[in-house]
Amino acid sequence: MGTINSAFSLISGALDADQAALSIIANNVANANTPGYTQETPNWKQNQPLEINGVSYGDGVTETGATSLRDSVLEERLDQQQQLASASGARLTALNSVQALFTPDSGSTSSTAGDIGSDLTGFFNSFSSLEANPTDNALRQQVLSSATTLAGDVSNAAASLNSQRSALDQEASGVTSQMNSLTSAISQLNLQIQSTSPDADGGTLEDQRDEDISQLSQLIGINQVPSENNGLSITTTSGQLLVADGTDFQLTTGSVGGVTDFFLGGSDITKQLMSGGGQLGGYLTARDSDIPTALTSLDQLAYSVSTSVNTLNNNGTDLDGVTGTANSPLYIFKEPATVAGSAANMAVVMTDPNQIAAAGQGDGTGDNSNATAMAKLTKTTSTTINNQTPTDFYSSFVSALGATVSGVQSENTAQNASVTQLQTQNNALSSVNLNDEAAAMSTLQSSYQAASQVFTMLNTIMAAAMNLGDQTTVA
Amino acid sequence: MRVDPSYVSNLVGSLDQAQLNEQQLTAELSSGVSFNSLSQNPVGSGENVILLNQIQQDDSFTQSSSLVTGQLQVADSTLGSVVSQLTQAISLATSANNGTMNASDVQSIGSQISGILNEVQSLANTNYQGQYIFAGGQTSTTPFTTSMGTSPGVTTYSGDEDVNYLDTPDGQKIQLNVPGNQIFSGSGSNSVFGALNGLVADYSSGTVNTSQAVSDTEALSTALNYVSQQRVTIDNSISQASAASDAVTGDQAQSTTAQTNLMQADVAQVSTQLSLAETQQTALEDVISELDSASNSLFSKIQP
Numbered sequence: 001m002g003t004i005n006s007a008f009s010l011i012s013g014a015l016d017a018d019q020a021a022l023s024i025i026a027n028n029v030a031n032a033n034t035p036g037y038t039q040e041t042p043n044w045k046q047n048q049p050l051e052i053n054g055v056s057y058g059d060g061v062t063e064t065g066a067t068s069l070r071d072s073v074l075e076e077r078l079d080q081q082q083q084l085a086s087a088s089g090a091r092l093t094a095l096n097s098v099q100a101l102f103t104p105d106s107g108s109t110s111s112t113a114g115d116i117g118s119d120l121t122g123f124f125n126s127f128s129s130l131e132a133n134p135t136d137n138a139l140r141q142q143v144l145s146s147a148t149t150l151a152g153d154v155s156n157a158a159a160s161l162n163s164q165r166s167a168l169d170q171e172a173s174g175v176t177s178q179m180n181s182l183t184s185a186i187s188q189l190n191l192q193i194q195s196t197s198p199d200a201d202g203g204t205l206e207d208q209r210d211e212d213i214s215q216l217s218q219l220i221g222i223n224q225v226p227s228e229n230n231g232l233s234i235t236t237t238s239g240q241l242l243v244a245d246g247t248d249f250q251l252t253t254g255s256v257g258g259v260t261d262f263f264l265g266g267s268d269i270t271k272q273l274m275s276g277g278g279q280l281g282g283y284l285t286a287r288d289s290d291i292p293t294a295l296t297s298l299d300q301l302a303y304s305v306s307t308s309v310n311t312l313n314n315n316g317t318d319l320d321g322v323t324g325t326a327n328s329p330l331y332i333f334k335e336p337a338t339v340a341g342s343a344a345n346m347a348v349v350m351t352d353p354n355q356i357a358a359a360g361q362g363d364g365t366g367d368n369s370n371a372t373a374m375a376k377l378t379k380t381t382s383t384t385i386n387n388q389t390p391t392d393f394y395s396s397f398v399s400a401l402g403a404t405v406s407g408v409q410s411e412n413t414a415q416n417a418s419v420t421q422l423q424t425q426n427n428a429l430s431s432v433n434l435n436d437e438a439a440a441m442s443t444l445q446s447s448y449q450a451a452s453q454v455f456t457m458l459n460t461i462m463a464a465a466m467n468l469g470d471q472t473t474v475a
Numbered sequence: 001m002r003v004d005p006s007y008v009s010n011l012v013g014s015l016d017q018a019q020l021n022e023q024q025l026t027a028e029l030s031s032g033v034s035f036n037s038l039s040q041n042p043v044g045s046g047e048n049v050i051l052l053n054q055i056q057q058d059d060s061f062t063q064s065s066s067l068v069t070g071q072l073q074v075a076d077s078t079l080g081s082v083v084s085q086l087t088q089a090i091s092l093a094t095s096a097n098n099g100t101m102n103a104s105d106v107q108s109i110g111s112q113i114s115g116i117l118n119e120v121q122s123l124a125n126t127n128y129q130g131q132y133i134f135a136g137g138q139t140s141t142t143p144f145t146t147s148m149g150t151s152p153g154v155t156t157y158s159g160d161e162d163v164n165y166l167d168t169p170d171g172q173k174i175q176l177n178v179p180g181n182q183i184f185s186g187s188g189s190n191s192v193f194g195a196l197n198g199l200v201a202d203y204s205s206g207t208v209n210t211s212q213a214v215s216d217t218e219a220l221s222t223a224l225n226y227v228s229q230q231r232v233t234i235d236n237s238i239s240q241a242s243a244a245s246d247a248v249t250g251d252q253a254q255s256t257t258a259q260t261n262l263m264q265a266d267v268a269q270v271s272t273q274l275s276l277a278e279t280q281q282t283a284l285e286d287v288i289s290e291l292d293s294a295s296n297s298l299f300s301k302i303q304p
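Just so you know, the protein sequences line up as chains A and B, in that order. Taking the numbering used here, the leading residue of the first sequence gets 1, the next gets one more, and so forth. Taking the numbering used here, the leading residue of the second sequence gets 1, the next gets one more, and so forth.
Next up, chain A with everything else stripped away, as it sits in the complex (with noise of 0.2 Å):
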C-alpha cells in the first residue's frame, strides 16, 4: 500500500462515491413535490484501514445507500390527529345540512312559514281567537289552516332528516372500496419491506407505504402495531385486525335494519366503528346519533300534539252538535300510533271546519269553552315533551341542536390547527428542502472537482515514474 495505484483506486473509490451522492440529490429534487416522498440523505463510510508493518494505511470511501429522514413518531401522531379531524370534519358537514333545517326566524317578516316553533304559536293562536267567536266560519278555516302549516312544516323536516341519513349512508358505505383497496395495498408492501430490508428502513417503499397508511386514517380510525422485521399490523381503534403483516382482512357492508351497518369477518362492528374517528366515524356518529336524536325530538313533539288535540276535540261537541265517539271519532290530526315516525306522518285529516269543537261536551253550540281549552294546550306541560310545553320543548330542542353543532365546530377548529402543526414539524424533517439540496450539491461539485484534479495529478505522476530515467514515450 501507499503506492501510486493505491493512490488511482482511492481516488476512483471517491469520484464513485461522489457519483453515487449526487444521484440521491438528484432524486431528492426530482422528488420534492412528490406526496409522502421523504427526503434521504447519501450514507458516507470510511473504509477499513489496512495494516502492514505496524504502519496504518487508509483504504477511503464507499457510499453505502441513502437513509430517509423520517420519525416514525411523528408521523404516527399526525396521523391520529388526521383521523380526529377527518371524523369531526365530516360530522360538522352532516350537522350543518341537519341544523339548516331549522333556521332562525328573523320575526321581521310577518309571514313565518317554515319556522316550526311560530308554526305552534300560530296554531294555538288559531283557538284562542276562536274562544272570542266559536261558530265564526272563518276563525274555524283558520285553525285548519295553521293545523296544515304545523303539519306540513313538521312533517318536511322529518323528511329531510330522512333523505339526509340515506344519503350518509351512502357515503359510508362507498368509503368501504377506498379502504379495503387501501389495506390490500399497505399488506402488499409489507411483503416487499419485510423481504428487501427488515432490518433497516424501507426507504420509498416505506414512504409509499406511510403515504397509504396517512389516506387510511383519514377514512378510518387505526391504530399501528409494529412488528418484527420491519412489519406493521393495523387495527381499528377497537382493535378489531385490518392488517397483519402480509393478510389484509376486508371489510364488508350489509343492510341492517334499513341502514347499511359495517362487518368484519362475520361481526357487525358498526358501533365501534362509530366511536373510532376518520371520516366513516364521522358519518355514523351523524348518522346513528345525531340525526335519530333530531328525529326523535320532533317525533315526540309532533306525537305529543297530534294526541292531546286529539283527544280534546274528541270530547266536545262541534258546530253540527255532535261529539265524537270511538267509531267514529271528531280528530284534527292522524292519530299517531306511536311516537317514533309520527312526525314523518303528522298531517290533517280534518276537511270540515265545523267539526271542531269548540264547543264542551254536552254544551251549546255557542259555548267556547273546548276551545279555551285546547287554546291552554300551549301551557301545558306533557311528559312525552319532557314536562315542558310545546313552544319551550322547541326552543330547548334548536338550543340543544346548535350547542351540540357548535361544539363539533370548535372540535374541528382546534383539531385542524393541530394538523396543521404536525404536518409544518413532519415537514421540516422530511420534506425536501431545496436549498439544502442546492448546498449539498455545491459542495459535492467541489468534492468532485478535487478528486478529478487529484486523479489528473496522480496520471501526471503516473507518466513521471514510467518516464523515469527515459525522456520520451509516455505522457
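Everything labelled a hint here was simulated from the structure, so no lab data went into it. Be aware that a few hints might be false.
[Unchecked claim] Calculated lysine-lysine pairs in the DSS-like style (CA-CA distance at most 27 Å, straight line): (1) 334/A - 376/A; (2) 379/A - 334/A; (3) 376/A - 301/B; (4) 301/B - 379/A.
Assemble chain B onto chain A, guided by the hints.
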C-alpha cells in the same frame, strides 16, 4: 433549526379562512340578522323561539280583545234600550194606577205596555253576527218567545245558563255574556217578562185591580234595577278587556325590543370587522404573491 419548505401552502389555508370570514360578515350585513344558523348562537336561538311566541300570542290577544269588545258593547247598548223601555212602562203603569183614567184609557195603556213587551222581547232576542247574544250557549235558537194563550201571557226562555270567558295571556278570565234568563226571567219579582205580562193582563179588561196592578208595577221597578245590575257585569267586562289589551300591548313592546336586540345585526360592529377581514385578506394575498415571485431557493443563485 429546520424550516417547513412548504409554508406557502399554510398561508393559502389562512387565506381561505379569511375569505370565509369575509363571506359570513357580508351575509350578516346584507341580511341585517346577527345570526342565521343555530350554531352561531345556540342560547339566543332558543330565546328567540320563546320571545317570538310571546309576541305573536300578544298580537293575537289584541285582535280577539277588540272583537270581543265590539260584542260586549252591543250587549251593553241593548240593555240600555231595555232600561229606557222599562222606565216608560213604569210611568205608564203608574198613571194607570192612580184611578183617574177611564176604561178605554186603561186599555190603551195596556196595549202600549204590550207593545213595550214586544220591543223588550225583540231586544232580548238581539242577534249579533248570526248569533243570539242573550241565549247562553244555545246561540243559534231564538231565546225568548211569548204565548198569549193564557192570561197573563207566558214568556218562555229556550236558551241555557252557559257563560263564555276569554282567557287573557296572564291568565285572567273576561266574562263574555250574561244568559238571557238571568237578566230577563229572574226569580220572583226580578222577572222583567213576568212583570210586563202581569201588567198587560191587569189593564186588558179596562178595570184595574189596584192592589194587583200596584204590586206588578213595583215588581217591574225591582226588575228594572235588576237589569241595571246585570248591565254592570257587561260594563266590567268591557273595562277588563280594555285594561288587559293595554297591558298586553305594553308587554308586546318589551318583547319586541328584546327580540330585535337579539336578532338584529350591529351594523357598526359588523362593518368594522368586515373592514379588518378585507385588510387581512389583501395583506395575505400580497405576501403570497411576493413570496411566489421572489427566487425561492439557492438553486437560482448557484453558478454552474
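Each hint tested on the structure:
1. For the hint linking residue 334/A to residue 376/A, the alpha-carbon distance of about 21 Å falls within 27 Å, and the restraint holds.
2. Restraint check for residue 379/A and residue 334/A: satisfied, since their Cα atoms lie roughly 23 Å apart, inside the 27 Å limit.
3. Annotation: proposed proximity of residue 376/A to residue 301/B is violated, straight-line Cα distance about 84 Å (limit 27 Å).
4. Distance check on the hinted pair: residue 301/B and residue 379/A sit about 80 Å apart at the alpha-carbon level, beyond 27 Å; violated.
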